[in-house]
Amino acid sequence: MKTARAIYEDGNHKWFAIVRDSSRPDFLIDTNEYMVTSEGDAILLDPGGSEIFPAVFSAVSTGFDPRRIHKIFASHQDPDAISSLSMWFEFNPAIKCYVSWMWQGFLPHFGGQEDTFVPIPDNGMDILVGSQRLQAIPAHYLHSSGNFNLYDSKAKILFSGDVGAALLPPGEDGLFVEDFDRHIRHAEGFHRRWMGSDKAKRDWCARVSALDIDMLCPQHGAIYRGEDVQRFIDWFSRLDIGVLKS
Amino acid sequence: MANLHSSGETGHELRRIVRINEEIKCVVAKAFKINLMAMNAIFLAKRAGQSALGFGVLSNELRRFATDLQQQMAALRETTYGSVSTVTTLVKQSRISRLLERARIEAQGEGKRLLQQLMCSRDESTLARSEEQMAALNRRLSHMIAATTQLVELGSVLARSAKIEAAYGGGFSTSLMQVSSDFEKIIGEIQRSLESLTKHQSEDFLA
Numbered sequence: 001m002k003t004a005r006a007i008y009e010d011g012n013h014k015w016f017a018i019v020r021d022s023s024r025p026d027f028l029i030d031t032n033e034y035m036v037t038s039e040g041d042a043i044l045l046d047p048g049g050s051e052i053f054p055a056v057f058s059a060v061s062t063g064f065d066p067r068r069i070h071k072i073f074a075s076h077q078d079p080d081a082i083s084s085l086s087m088w089f090e091f092n093p094a095i096k097c098y099v100s101w102m103w104q105g106f107l108p109h110f111g112g113q114e115d116t117f118v119p120i121p122d123n124g125m126d127i128l129v130g131s132q133r134l135q136a137i138p139a140h141y142l143h144s145s146g147n148f149n150l151y152d153s154k155a156k157i158l159f160s161g162d163v164g165a166a167l168l169p170p171g172e173d174g175l176f177v178e179d180f181d182r183h184i185r186h187a188e189g190f191h192r193r194w195m196g197s198d199k200a201k202r203d204w205c206a207r208v209s210a211l212d213i214d215m216l217c218p219q220h221g222a223i224y225r226g227e228d229v230q231r232f233i234d235w236f237s238r239l240d241i242g243v244l245k246s
Numbered sequence: 001m002a003n004l005h006s007s008g009e010t011g012h013e014l015r016r017i018v019r020i021n022e023e024i025k026c027v028v029a030k031a032f033k034i035n036l037m038a039m040n041a042i043f044l045a046k047r048a049g050q051s052a053l054g055f056g057v058l059s060n061e062l063r064r065f066a067t068d069l070q071q072q073m074a075a076l077r078e079t080t081y082g083s084v085s086t087v088t089t090l091v092k093q094s095r096i097s098r099l100l101e102r103a104r105i106e107a108q109g110e111g112k113r114l115l116q117q118l119m120c121s122r123d124e125s126t127l128a129r130s131e132e133q134m135a136a137l138n139r140r141l142s143h144m145i146a147a148t149t150q151l152v153e154l155g156s157v158l159a160r161s162a163k164i165e166a167a168y169g170g171g172f173s174t175s176l177m178q179v180s181s182d183f184e185k186i187i188g189e190i191q192r193s194l195e196s197l198t199k200h201q202s203e204d205f206l207a
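Listed in order, the protein sequences are those of chains A and U.
For what it's worth, my numbering labels the leading residue of the first sequence as 1, then goes sequentially.
For what it's worth, my numbering labels the leading residue of the second sequence as 1, then goes sequentially.
In short, the hints are calculated from the structure, not lab data.
Small disclaimer: the values here were computed from a predicted structure and weren't measured.
We treat Cβ as the ideally placed atom computed from N, Cα and C, and that holds for glycine.
Certain hints may be false.
Unchecked claim - With a straight-line Cα cutoff of 25 Å, these simulated DMTMM-like cross-link-like pairs (lysine to aspartate or glutamate) come out: (1) U/92 / A/51; (2) A/156 / A/179; (3) A/71 / U/68; (4) U/30 / U/9; (5) A/71 / U/9; (6) A/154 / A/51; (7) U/92 / A/26; (8) U/92 / A/78; (9) U/92 / A/115; (10) A/96 / U/22; (11) U/92 / A/9; (12) U/185 / U/195; (13) U/92 / A/80; (14) U/25 / A/198; (15) U/92 / A/114; (16) U/30 / U/189; (17) U/199 / A/65; (18) U/92 / A/30; (19) U/163 / U/68; (20) A/96 / U/189; (21) U/25 / A/80; (22) A/14 / U/22; (23) U/163 / U/153; (24) U/199 / U/184; (25) U/25 / A/10; (26) U/33 / A/65; (27) A/14 / A/214; (28) A/156 / A/114; (29) U/25 / A/39; (30) A/154 / A/214; (31) U/25 / A/114; (32) U/30 / A/65; (33) U/33 / U/203; (34) U/25 / U/106; (35) A/71 / A/41.
Unchecked claim - Partial list, derived from the structure: chain A residues whose beta carbon lies under 8 Å from chain U: (36) 50; (37) 67; (38) 90; (39) 94; (40) 95.
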């Protein structure tokens, strides 16, 4: 089962990382889910694939009432990010899913009704969770053509979706990056192959460098903290991407 | 058993599981409180000396009761988590069945016959297995709740006995009486949570 670990807490404004499913079959890629709560309201960020719904649902329920999850944020359309939508929709038919306008007609293949989806315009939008205003930050073509990150200016946390993702080997799967140089080797191949646009990459690096970020939280692998955040942005800006082999 | 094939029913089942889980969390928090209170009561009885020997024994028993209750609730929680997996499988299976049914209606000739055959074998195997699994989990949950209710009844008897023993606590009688009243109050709250739990458990589930 996964566990929900609080990574930020200020009163009832909290961030949880839902991570490390020991019972996950090896053929499924490991994913991180996140939940932001504020004043009785909650949003799930990339709730994961339908195969891992029981693990995510149970981890969330351990410390939180899942009936308070009113919103879902999908960074992009991949099944490992959002195919559990059908299950969340079963649980709460009034749930809203924020996703790039591009995927509004695609995601209903996973589940939901017409009014389930809130399209995010290309330049992003604000999403209110309780009293907290979160910002959908454009990250198009990294890797999806309609792709967003989610920034919380109060918590100084950026949920970066597939940007910063690493495929960690067993035994090196801590929640936080502890040794950047050692960690980044597990991110390199993924970024070279999955990230296709150098221009989009440079735009993203400039955009997020202007944000005040304490934690950069990817959908796979470990969380970057403190100086490792800028270290990652610098590493990514220099990386040769859109190549078949390194 | 309620028909869990339809989309609304599975959603209802998930919400029912959440209501059960929320009550479990309440009981766990109260069991933790009883454990701490019992520990303090043991110290208090030691300070009171000979006159509170009986109260000390009962406090020890209440502490053991709290530990047993916590274990029982952990097992209950595990069973409800198992139900989430089974409901997920049911949702997937029922979705596949709905799509196959639509395909069967639209198909012609041999394709229609093959789909008919496939659906018959699916209905007899996968869905039936998942539903049986769900029914078994619910039966198990009902038995566990019944066992927990009995355990809490024992807790209630212990708290009442502690109240009687407190009367013999000499100079400490007032403090011991206060502690035993608190035990009684919290165990009463647990009983009410268990009643809600039983209600949620039997809600629309006709197994």
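So, going through the hints one by one against the coordinates:
1. Our distance criterion of 25 Å between C-alpha atoms is met by residue 92 of chain U and residue 51 of chain A, whose separation comes to about 10 Å.
2. In summary, the hint linking residue 156 of chain A to residue 179 of chain A is supported, as the alpha carbons are separated by about 21 Å, within the 25 Å threshold.
3. Between the alpha carbons of residue 71 of chain A and residue 68 of chain U the distance comes to roughly 38 Å, so the proposed pair goes past 25 Å and is violated.
4. With a C-alpha separation of about 32 Å, the suggested pair residue 30 of chain U and residue 9 of chain U falls outside the 25 Å cut-off, and the hint is violated.
5. Between residue 71 of chain A and residue 9 of chain U the CA atoms are separated by roughly 22 Å; this keeps the pair inside 25 Å, and the hint holds.
6. For a cut-off of 25 Å, the pair hint linking residue 154 of chain A to residue 51 of chain A is broken: about 33 Å separates their Cα positions.
7. Taking the CA atoms of residue 92 of chain U and residue 26 of chain A, the gap is near 21 Å; set against the 25 Å cutoff, the hint holds.
8. Taken as a hint, the residue 92 of chain U and residue 78 of chain A pair is honoured in the structure, with Cα atoms around 18 Å apart against an allowance of 25 Å.
9. Between the alpha carbons of residue 92 of chain U and residue 115 of chain A the distance comes to roughly 22 Å, so the proposed pair stays at or under 25 Å and holds.
10. Distance check on the hinted pair: residue 96 of chain A and residue 22 of chain U sit about 23 Å apart at the alpha-carbon level, within 25 Å; holds.
11. A threshold of 25 Å between alpha carbons decides the hint, and for residue 92 of chain U with residue 9 of chain A the separation of about 36 Å lies outside it, so the pair is violated.
12. With a CA separation close to 15 Å, the supplied pair residue 185 of chain U and residue 195 of chain U stays within the 25 Å bound.
13. This hinted pair checks out: residue 92 of chain U and residue 80 of chain A have alpha carbons roughly 16 Å apart, not beyond 25 Å.
14. At roughly 49 Å between alpha-carbon atoms, residue 25 of chain U and residue 198 of chain A are farther apart than 25 Å, so this suggested pair is violated.
15. Restraint check for residue 92 of chain U and residue 114 of chain A: satisfied, since their Cα atoms lie roughly 21 Å apart, inside the 25 Å limit.
16. Using a Cα cut-off of 25 Å, the hinted pair residue 30 of chain U and residue 189 of chain U holds, with the two alpha carbons roughly 8 Å apart.
17. A distance of roughly 19 Å separates the Cα atoms of residue 199 of chain U and residue 65 of chain A; the hinted pair therefore holds under the 25 Å criterion.
18. This hinted pair checks out: residue 92 of chain U and residue 30 of chain A have alpha carbons roughly 21 Å apart, not beyond 25 Å.
19. Simply put, residue 163 of chain U and residue 68 of chain U have alpha-carbon atoms about 21 Å apart, close enough for the 25 Å limit, and the pair holds.
20. Between residue 96 of chain A and residue 189 of chain U the alpha-carbon distance is near 36 Å, which puts this suggested pair outside the 25 Å criterion.
21. This hinted pair does not check out: residue 25 of chain U and residue 80 of chain A have alpha carbons roughly 30 Å apart, beyond 25 Å.
22. Only pairs whose Cα atoms come within 25 Å are accepted, and residue 14 of chain A paired with residue 22 of chain U is accepted, the gap being roughly 20 Å.
23. Taken as a hint, the residue 163 of chain U and residue 153 of chain U pair is honoured in the structure, with Cα atoms around 16 Å apart against an allowance of 25 Å.
24. Taking the CA atoms of residue 199 of chain U and residue 184 of chain U, the gap is about 23 Å. The hint holds against a cut of 25 Å.
25. A C-alpha spacing of about 23 Å is found between residue 25 of chain U and residue 10 of chain A, which places the hinted pair at or below 25 Å, so the restraint holds.
26. Taking the CA atoms of residue 33 of chain U and residue 65 of chain A, the gap is about 21 Å. The hint holds against a cut of 25 Å.
27. Annotation: proposed proximity of residue 14 of chain A to residue 214 of chain A holds, straight-line Cα distance about 14 Å (limit 25 Å).
28. A distance of roughly 33 Å separates the Cα atoms of residue 156 of chain A and residue 114 of chain A; the hinted pair therefore is violated under the 25 Å criterion.
29. Taken as a hint, the residue 25 of chain U and residue 39 of chain A pair is honoured in the structure, with Cα atoms around 20 Å apart against an allowance of 25 Å.
30. With a C-alpha separation of about 10 Å, the suggested pair residue 154 of chain A and residue 214 of chain A falls inside the 25 Å cut-off, and the hint holds.
31. Between the alpha carbons of residue 25 of chain U and residue 114 of chain A the distance comes to roughly 35 Å, so the proposed pair goes past 25 Å and is violated.
32. At roughly 18 Å between alpha-carbon atoms, residue 30 of chain U and residue 65 of chain A fall within 25 Å of each other, so this suggested pair holds.
33. Of the supplied pair hints, the one linking residue 33 of chain U and residue 203 of chain U is violated, its CA atoms being roughly 29 Å apart against a limit of 25 Å.
34. Between residue 25 of chain U and residue 106 of chain U the CA atoms are separated by roughly 49 Å; this puts the pair beyond 25 Å, and the hint is violated.
35. Restraint check for residue 71 of chain A and residue 41 of chain A: satisfied, since their Cα atoms lie roughly 9 Å apart, inside the 25 Å limit.
36. Taking 8 Å as the C-beta cut-off, the interface hint given for residue 50 of chain A holds, the closest approach to chain U being about 7 Å.
37. For residue 67 of chain A, the interface hint holds, since its Cβ comes within 8 Å of a Cβ in chain U; the closest pair sits about 6 Å apart.
38. Hint status for residue 90 of chain A: holds, given a least beta-carbon distance of 4 Å to chain U, under 8 Å.
39. With a least beta-carbon distance of about 11 Å to chain U, the hint placing residue 94 of chain A at the interface is violated under the 8 Å criterion.
40. Given hint, residue 95 of chain A at the interface with chain U, is violated; its Cβ is 11 Å from that chain's nearest Cβ, farther than 8 Å.
Hint check: violations occur at hints 3, 4, 6, 11, 14, 20, 21, 28, 31, 33, 34, 39 and 40; the rest are consistent with the structure.
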